[in-house]
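Number of protein chains: 4
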Amino acid sequence: MSIILVTNDDGIHAEGLQVLRRSLQPLGRIVVVAPDRDNSAVSHSLTMTRPLQVRRIGEDTYTVDGTPTDCVVLALGRILEGRPDLLVSGINAGPNLGDDISYSGTVSAAMEGTMYSVPSMAVSLAGEPPFDYTLAGELSRKMAAKILDTVLPHNTLINMNVPTGSKHQGIRITRQGRRLWENAIQETEDPWGRKRYWIGGGTPVKDSSEDTDVKAVHDGYVSVTPIQLDLTNHSGISHIRKNWSLE
Amino acid sequence: MSIILVTNDDGIHAEGLQVLRRSLQPLGRIVVVAPDRDNSAVSHSLTMTRPLQVRRIGEDTYTVDGTPTDCVVLALGRILEGRPDLLVSGINAGPNLGDDISYSGTVSAAMEGTMYSVPSMAVSLAGEPPFDYTLAGELSRKMAAKILDTVLPHNTLINMNVPTGSKHQGIRITRQGRRLWENAIQETEDPWGRKRYWIGGGTPVKDSSEDTDVKAVHDGYVSVTPIQLDLTNHSGISHIRKNWSLE
Amino acid sequence: MSIILVTNDDGIHAEGLQVLRRSLQPLGRIVVVAPDRDNSAVSHSLTMTRPLQVRRIGEDTYTVDGTPTDCVVLALGRILEGRPDLLVSGINAGPNLGDDISYSGTVSAAMEGTMYSVPSMAVSLAGEPPFDYTLAGELSRKMAAKILDTVLPHNTLINMNVPTGSKHQGIRITRQGRRLWENAIQETEDPWGRKRYWIGGGTPVKDSSEDTDVKAVHDGYVSVTPIQLDLTNHSGISHIRKNWSLE
Amino acid sequence: MSIILVTNDDGIHAEGLQVLRRSLQPLGRIVVVAPDRDNSAVSHSLTMTRPLQVRRIGEDTYTVDGTPTDCVVLALGRILEGRPDLLVSGINAGPNLGDDISYSGTVSAAMEGTMYSVPSMAVSLAGEPPFDYTLAGELSRKMAAKILDTVLPHNTLINMNVPTGSKHQGIRITRQGRRLWENAIQETEDPWGRKRYWIGGGTPVKDSSEDTDVKAVHDGYVSVTPIQLDLTNHSGISHIRKNWSLE
Chain A
1 MSIILVTNDD GIHAEGLQVL RRSLQPLGRI VVVAPDRDNS AVSHSLTMTR
51 PLQVRRIGED TYTVDGTPTD CVVLALGRIL EGRPDLLVSG INAGPNLGDD
101 ISYSGTVSAA MEGTMYSVPS MAVSLAGEPP FDYTLAGELS RKMAAKILDT
151 VLPHNTLINM NVPTGSKHQG IRITRQGRRL WENAIQETED PWGRKRYWIG
201 GGTPVKDSSE DTDVKAVHDG YVSVTPIQLD LTNHSGISHI RKNWSLE
Chain B
1 MSIILVTNDD GIHAEGLQVL RRSLQPLGRI VVVAPDRDNS AVSHSLTMTR
51 PLQVRRIGED TYTVDGTPTD CVVLALGRIL EGRPDLLVSG INAGPNLGDD
101 ISYSGTVSAA MEGTMYSVPS MAVSLAGEPP FDYTLAGELS RKMAAKILDT
151 VLPHNTLINM NVPTGSKHQG IRITRQGRRL WENAIQETED PWGRKRYWIG
201 GGTPVKDSSE DTDVKAVHDG YVSVTPIQLD LTNHSGISHI RKNWSLE
Chain C
1 MSIILVTNDD GIHAEGLQVL RRSLQPLGRI VVVAPDRDNS AVSHSLTMTR
51 PLQVRRIGED TYTVDGTPTD CVVLALGRIL EGRPDLLVSG INAGPNLGDD
101 ISYSGTVSAA MEGTMYSVPS MAVSLAGEPP FDYTLAGELS RKMAAKILDT
151 VLPHNTLINM NVPTGSKHQG IRITRQGRRL WENAIQETED PWGRKRYWIG
201 GGTPVKDSSE DTDVKAVHDG YVSVTPIQLD LTNHSGISHI RKNWSLE
Chain D
1 MSIILVTNDD GIHAEGLQVL RRSLQPLGRI VVVAPDRDNS AVSHSLTMTR
51 PLQVRRIGED TYTVDGTPTD CVVLALGRIL EGRPDLLVSG INAGPNLGDD
101 ISYSGTVSAA MEGTMYSVPS MAVSLAGEPP FDYTLAGELS RKMAAKILDT
151 VLPHNTLINM NVPTGSKHQG IRITRQGRRL WENAIQETED PWGRKRYWIG
201 GGTPVKDSSE DTDVKAVHDG YVSVTPIQLD LTNHSGISHI RKNWSLE
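Chains as they are written, first to last, in full-length UniProt numbering: chain A, 1 to 247; chain B, 1 to 247; chain C, 1 to 247; chain D, 1 to 247.
Among the clues, some could well be false.
Note that the list lumps identical chains together, so a pair holds whenever it fits in one copy or between two copies.
To be verified - Straight-line C-alpha distance at most 25 Å; calculated SDA-like pairs for lysine to any residue: (1) 146 / 242; (2) 195 / 79; (3) 242 / 3; (4) 206 / 153; (5) 167 / 247.
Keep in mind the hints are simulated off the structure, nothing from the lab.
These numbers come from a predicted model, not from an experiment.
Make the full structure from the sequences, and use the hints.
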């Protein structure tokens, strides 16, 4: 029987996590290892300044007082007996598209799994509250079954963004687009009248290039992007070699 | 005169930050915006759960009660009048090589600058304490001058790792290698005898492939890697399109 | 119908809180406002560095991303329409005796209620895991009914410590004793071999003076201590006036 | 030579701490053990969820990544060889008067010292920014000398509040008054339009009773209050015994 590790960044009590667990149930034994509270936007953070506590709060269900990456590290290194057949992270309450995926705890958990050679997928609901996870749950199972049956490209994870609701226009295999934000710093005051800056809000400057994850979701499609661990700009290497005369 | 934004993840009081500021001084006006305390291994974390406080603690010197990424967002969006000509993040006390760069606050700050089209570089001292920043300071100035004089490949930052001490074997333009860790979870107990897990320590499984950052530093060279924002596995797109029949 | 505000410092998911809610149910309408996670040993901390979030997670059930004191301040200032007839904080998983009560979030929540003239009681289970809350639940209801029926001394709260299990030797009205700890700092190492100090553990130096809370619990009694807001050493005032010639 | 332990809750970089150190210098050897960042309003919090790091950052100067109480516990248990002759906590940037002292990290550090039988004093500047510490520094030395020369009442610390500036009306030995706040919750919104509550601001409802710390400072006097560890309402014990028929 397949063993599937499930984690997220919205924390153990998030609805998306419960939907994901139920959706994947028919595919094997599901082990949940998730942060004990909301960890949105923690990115690939690893907690190294303090020791972590693992709590078993139910059958095949654990919490960690840390980040999604901490959860994956401890699940693979301590909690699970062997390597799982699949890791699914999500379902995130909100999209993970374009440049934003580098901030994403959801995607980072899948990246961590990939580093340990566990086939990994991140699933996000590309909508706004109130969230309807119906479609995202179904597609998570479908994609998970596909990954279990086939093989992912080397050192590569799947980043899937699903429109909210029960309908979609189809599935598109996409590349990561740009997703910049305008006016994403709000000024506020503390009770003593001192200025404070709250990052968030603003409006995304949509990337309308063809083939991007941003565009696919905007057009009502499910976006499936293969994301790799290697961040090298390989053509940049030759460029720098030729023009910078450093070596 | 060039304006150079300097940040780091070890916090405003770190020696590496002071060395970097002094080293870059001849190149222009240096503005430091750094976390008010150590933020190692926070990765590309963005603080969105609370408003942030910016303190001006000296001429062209600011602290933020947040992460390196928070510092860059606030520097570019609020503190600086215009876009700086260069962003340099570091000098990190320890290497940022291979897979580890995805956890790195130092590299993430440079990634954030790149998202905003600011030419950006991360500098790390690839050694162990006691740290000697002499060489890293000199090379930071040399590389910064090079970037100011020329142009970086599109959406690409420089990740430089410098051996500690005053000598090196030369400079190598490298690709990101693998850097896995063995036994990187230490078990300890809290005062009440409950098991805790501390991530850290262990031994790196060195990547000895040619052309990697890991190998270059191991051989005593300065490693210079062009890192891109785009995480897409482009060849993976065709593979999935052809074999998975999803679309 | 009486309105009873219930809070604690072990967080919304703690068993002691659930027992307390059920036990008090027959006495009136119970409104729970508790921290969203464990806040043990936060003492009378008030969160003023960031704004707090109140979540309604069920009927008459709220969480705050802050301390027990934050919960009381927001319950009285925002969540409840009028002043409650009683505040009960607990049931804490462990004793709050002697000097230790000054660290206690459980007692501090009751202190905060007292400041706002709400009759308040802190309840702690003076035992060790596994905890049996049976007796503590029953006595909480009994004491709560007593406070609702009568009147507490001015600016005074009740600190009750109940032995674990289903039996006790009787109830004693006590004074706060001393409770010092020996060897309460444990040395440990982080994964990089650096020394760290973990406060906790050690052995309590029991206060065997008559009439103290420490002694009562040690002898198997329920301890009920009236605690006041006024921290002044009134006889100390005359002493200093006479001998220090400051005024 | 006397050994004087100095700590605070505004953190190692606070001006009030530097003034205090310089002011006390003539009286003996000063050892500073302070939090590495601002810890205002942490009250008597003790950090027991993670191990703490002590850094020696200069001669007789240490930081702890924790609270003022953590600093005192580690100073007395690990850093200092013997018991110091005096502990002075401050100079706090703002008053610690009336009920508010139960939230105060500054006063709690002095309370912790008193628990370990170290003569202890908390000093606060009862004014608003910009702070002038001149007078507070002088009076700290004067009071410290007095405490070193004489003896404090048993289990009792001194809470001193000094008006800002260079003049005062005299010194008054006071009792702790009431200090309630009106409108001390500010409503704000996060960037996504969700309501948040920020505790702080508001206006203090002054206690105009004779002999209180609140009144003394309001009238321009230095307030010196003896504060005791024992929180018991002793007359409340007889009241409850007589009227509640519990025992």
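These are the hints, each one checked on the structure:
1. 146 / 242: So residue 146 and residue 242 pass the 25 Å test across copies only (14 Å; inside, 43 Å).
2. 195 / 79: The answer is between: 13 Å across copies meets 25 Å, while 45 Å in one copy does not.
3. 242 / 3: neither (49 Å within a copy, 27 Å between copies)
4. 206 / 153: For residue 206 and residue 153, the Cα distance is within 25 Å only across copies (23 Å; inside one copy 28 Å).
5. 167 / 247: This pair counts as between: shortest inter-copy Cα distance 15 Å, intra-copy 55 Å.
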